[in-house]
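Protein chains: 2
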Amino acid sequence: MVYLMCKKLSICMIGFGNAGRAFCKMLLGQQAKIKNAYDYEVIVNTISTRSKGTLYDPEGVDIGRALREIEDFGRFSEDNPQLIQISSQEAIKNSKAQVLIELSTLSIKDGQPAISHIEAAIENAMHVITANKGPIAWDYKRLKGLADEKGLSLLYETVVLDGAPVFNMVRDNLPGCEVLAFKGIVNSTTNFIMEEMESGSDFDTALKEAQIRGFAESDPSLDIDGWDAVGKTAALINVIMDGSVTPMDIERTGISHITAQDLKDAKAKGGKIKLLCEGYREGNSIKGKVYPGFVSNNDIFSNVDSTTSMLSITTDLMGEICIVERNPEIEQTAYGVFSDMLTLVKRLVKNK
Amino acid sequence: MVYLMCKKLSICMIGFGNAGRAFCKMLLGQQAKIKNAYDYEVIVNTISTRSKGTLYDPEGVDIGRALREIEDFGRFSEDNPQLIQISSQEAIKNSKAQVLIELSTLSIKDGQPAISHIEAAIENAMHVITANKGPIAWDYKRLKGLADEKGLSLLYETVVLDGAPVFNMVRDNLPGCEVLAFKGIVNSTTNFIMEEMESGSDFDTALKEAQIRGFAESDPSLDIDGWDAVGKTAALINVIMDGSVTPMDIERTGISHITAQDLKDAKAKGGKIKLLCEGYREGNSIKGKVYPGFVSNNDIFSNVDSTTSMLSITTDLMGEICIVERNPEIEQTAYGVFSDMLTLVKRLVKNK
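Which chain is which? The protein sequence lines are P and Z, in order. With the numbering used here applied, the first sequence covers 1 to 352. With the numbering used here applied, the second sequence covers 353 to 704.
Only chain P is shown next, with the shape it has when bound in the complex:
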């Protein structure tokens, strides 16, 4: 009998909602390829949730079973031998995993509990991947500092435009460039609602449709009042413009006051209304704002429809470039986490 030894990468997941489950499905499909390419076996040894229970097995949770249980019962089964009773904070410490994947429910108003999950992970010498914008919007510089001190990675590509490269692109592929400003359409729900209203639907019906299709936040005010876009704007300012802001520093106007008549007026003027976000320099400070703005039909932003998102980045040396995530599904959120995981594996391979 021949044993082929390969390295293990163990993951502790906090949160097992749509994105977490889609990540696990992607991981199942790609595990063999990763082993082949990098000689790493990736296992999930902990899945901790707020309301569905917590699974733990140092040899690896049975992901297939976990996915089936959620599908069948909406929570992990009492019969599951990997089920344990433990808080998320304890689960992180208990996991002794190498990586925390933070996918807990967002509180954009203070970035918690995600921030304390990340602190706990770093204390326990774990690398961190977060799909949660809260920590990057509220506390990026400090958390990055904590990770750097211990030689750990803090990765967060999913925070804006899911797995479409935004943060990684600016860091890796625009060397020598300074980001002077950015402008984007980064919230699908508001984009979708205003489009539906333009086509004659009313606000509530459009919102319900976005919720059924799964891209609206469970608390609609997070989308409608601009909080989601504000969180992303703050995260972008903190990372790609080297700023130090929180969501409270971003000027915020939502879309709840926008009427069908406003959209008709915009159409008559040859355009649309879109919820835009911007980051820009003003003197020595960096400002951010989120607002419903007029976009001409001739502008490339005008065809950023439905769940499509776009971010335009203006730099000193490379002028203006845009990145578009076109018609994403939940798999594209999962890929953001997955790509951060591969980035981490590649770093580990290099440093070994």
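Bear in mind the hints are in silico, worked out from the structure with no lab data behind them. Just to be clear, a hint being listed does not mean it is correct.
[To be verified] The calculated label-pair distances, taken between Cβ atoms and stated as ranges, are: (1) Z:503 to P:181: 57 to 65 Å; (2) Z:497 to P:39: 18 to 26 Å; (3) P:316 to Z:571: 30 to 38 Å; (4) P:269 to Z:564: 30 to 38 Å; (5) P:244 to Z:698: 39 to 47 Å; (6) Z:651 to P:18: 23 to 31 Å.
[Said to hold, decoys possible] Derived DSS-like pairs (lysine-lysine); straight-line CA-CA distance at most 25 Å: (7) P:33 to Z:493; (8) Z:445 to Z:535; (9) Z:359 to Z:493; (10) Z:621 to P:269; (11) Z:496 to Z:377; (12) P:264 to Z:619; (13) Z:496 to P:346; (14) P:35 to P:8; (15) Z:698 to P:350; (16) Z:698 to P:144; (17) Z:702 to P:346; (18) Z:619 to P:267; (19) Z:616 to P:267; (20) P:141 to P:346; (21) Z:698 to P:141; (22) Z:621 to P:264; (23) P:346 to Z:698; (24) P:269 to Z:619; (25) P:144 to Z:702; (26) P:8 to P:150; (27) P:208 to P:109; (28) P:150 to Z:698; (29) Z:359 to P:346; (30) Z:359 to Z:377; (31) P:109 to P:35; (32) Z:621 to P:267.
Every value quoted in this text rests on a predicted model; they were computed, and no experiment measured them. Beta carbons are placed, not taken as given, at the ideal position from N, Cα and C, and that holds for glycine.
Using the hints provided, position chain Z relative to the given structure of chain P.
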């Protein structure tokens, strides 16, 4: 007196047209920053041209003077003490530089003389940066193999969408993804001409305007007959789809048969005609085509206007993402070369 020693990176430039001169201006402006960030002093020790003369100085050509001479006389002055008489092939060998920057006039019909310049550089243990699409469209796999054998870098970000990250983004920031297909608007001249014709201008006036503004190829058929787009399509297939094609394998239809009436008809149908390029899989083979196609006004491609370019990439795991280079000038071509140079400096710093 204190001497601060820092490492030198010496460059041999072949070609000193608009892009080469813009690169040199950018380098002059950024030299101090590079020294500061990476402890490397970048010097150009050779500028070899076909018709303007050749400059050489092992301690570094006086770039400021070279730029002024071209501006004043259209060629290097006979009084310039750095002027030498030498062919481009000899200049590469003679330079003993660490990097070749290949910016010679393109022959898209065979990729020469750029390919033999690159071969000469690799033989002389030089890293290669090419802004010339010929070598990547005609001979990528072989040249990459030659460079790899000697542990040298072959960089070519500028070939598609100037300095907007395309090749680097796919390589670095879409880990685990396979590119299934791509579609793009990658030739500014044809895009500009059809737009001008749509607004009532005739073909020849529009072409002249593109030539005056400096983005048309000197031989108009390279743009009009689709050769430029074909070269970029072949380069994309070879690199991001791991194919092995030459420009001759790409199905090619130019825009010379497009009439004002065709554009009017497209407008009446709610769209425009754009010169599109595509790469896609068909069974086990990878195909490419360049053709003027109808684009609906609701499609994000429809607002890719004037000199703006866009490339959409469809992947297995990340769905569809697009990268847009908006309203570039010659500085954005120069930045492509500059960013490759910084990529190389970063690699050298890591490996030292």
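For each hint, the structure was consulted:
1. Z:503 to P:181: 57 to 65 Å: Hint violated: Cβ distance 40 Å, outside 57 to 65 Å.
2. Z:497 to P:39: 18 to 26 Å: Between residue 497 of chain Z and residue 39 of chain P, where Cβ atoms are some 24 Å apart, the hint holds.
3. P:316 to Z:571: 30 to 38 Å: 33 Å, holds
4. P:269 to Z:564: 30 to 38 Å: Given a distance of about 34 Å, which is inside 30 to 38 Å, the answer is holds.
5. P:244 to Z:698: 39 to 47 Å: Given a distance of about 26 Å, which is not inside 39 to 47 Å, the answer is violated.
6. Z:651 to P:18: 23 to 31 Å: Given a distance of about 29 Å, which is inside 23 to 31 Å, the answer is holds.
7. P:33 to Z:493: Given pair residue 33 of chain P, residue 493 of chain Z holds - Cα atoms ~24 Å apart, limit 25 Å.
8. Z:445 to Z:535: Distance of about 39 Å is beyond 25 Å: violated.
9. Z:359 to Z:493: With Cα atoms ~31 Å apart, residue 359 of chain Z and residue 493 of chain Z exceed 25 Å; violated.
10. Z:621 to P:269: 21 Å, holds
11. Z:496 to Z:377: The hint is violated at about 29 Å.
12. P:264 to Z:619: 23 Å, holds
13. Z:496 to P:346: Holds: residue 496 of chain Z and residue 346 of chain P sit about 22 Å apart, inside 25 Å.
14. P:35 to P:8: 9 Å, holds
15. Z:698 to P:350: 15 Å, holds
16. Z:698 to P:144: Within the cut-off at roughly 22 Å; holds.
17. Z:702 to P:346: Since the Cα atoms of residue 702 of chain Z and residue 346 of chain P sit roughly 15 Å apart, the hinted pair holds (cutoff 25 Å).
18. Z:619 to P:267: Satisfied, since the Cα-Cα distance of roughly 19 Å is no more than 25 Å.
19. Z:616 to P:267: Judged against 25 Å, a Cα distance of about 23 Å means the pair holds.
20. P:141 to P:346: 24 Å, holds
21. Z:698 to P:141: Since the Cα atoms of residue 698 of chain Z and residue 141 of chain P sit roughly 24 Å apart, the hinted pair holds (cutoff 25 Å).
22. Z:621 to P:264: 23 Å, holds
23. P:346 to Z:698: OK: residue 346 of chain P and residue 698 of chain Z at ~17 Å, within 25 Å.
24. P:269 to Z:619: 19 Å, holds
25. P:144 to Z:702: Status holds; Cα separation ~22 Å.
26. P:8 to P:150: Between residue 8 of chain P and residue 150 of chain P the Cα gap is close to 20 Å, so the pair holds against 25 Å.
27. P:208 to P:109: 24 Å, holds
28. P:150 to Z:698: OK: residue 150 of chain P and residue 698 of chain Z at ~23 Å, within 25 Å.
29. Z:359 to P:346: 28 Å, violated
30. Z:359 to Z:377: Holds. Residue 359 of chain Z to residue 377 of chain Z sits at ~21 Å (cutoff 25 Å).
31. P:109 to P:35: 40 Å, violated
32. Z:621 to P:267: 19 Å, holds
Checked against the numbered hints above, the structure breaks hints 1, 5, 8, 9, 11, 29 and 31 and satisfies the rest.
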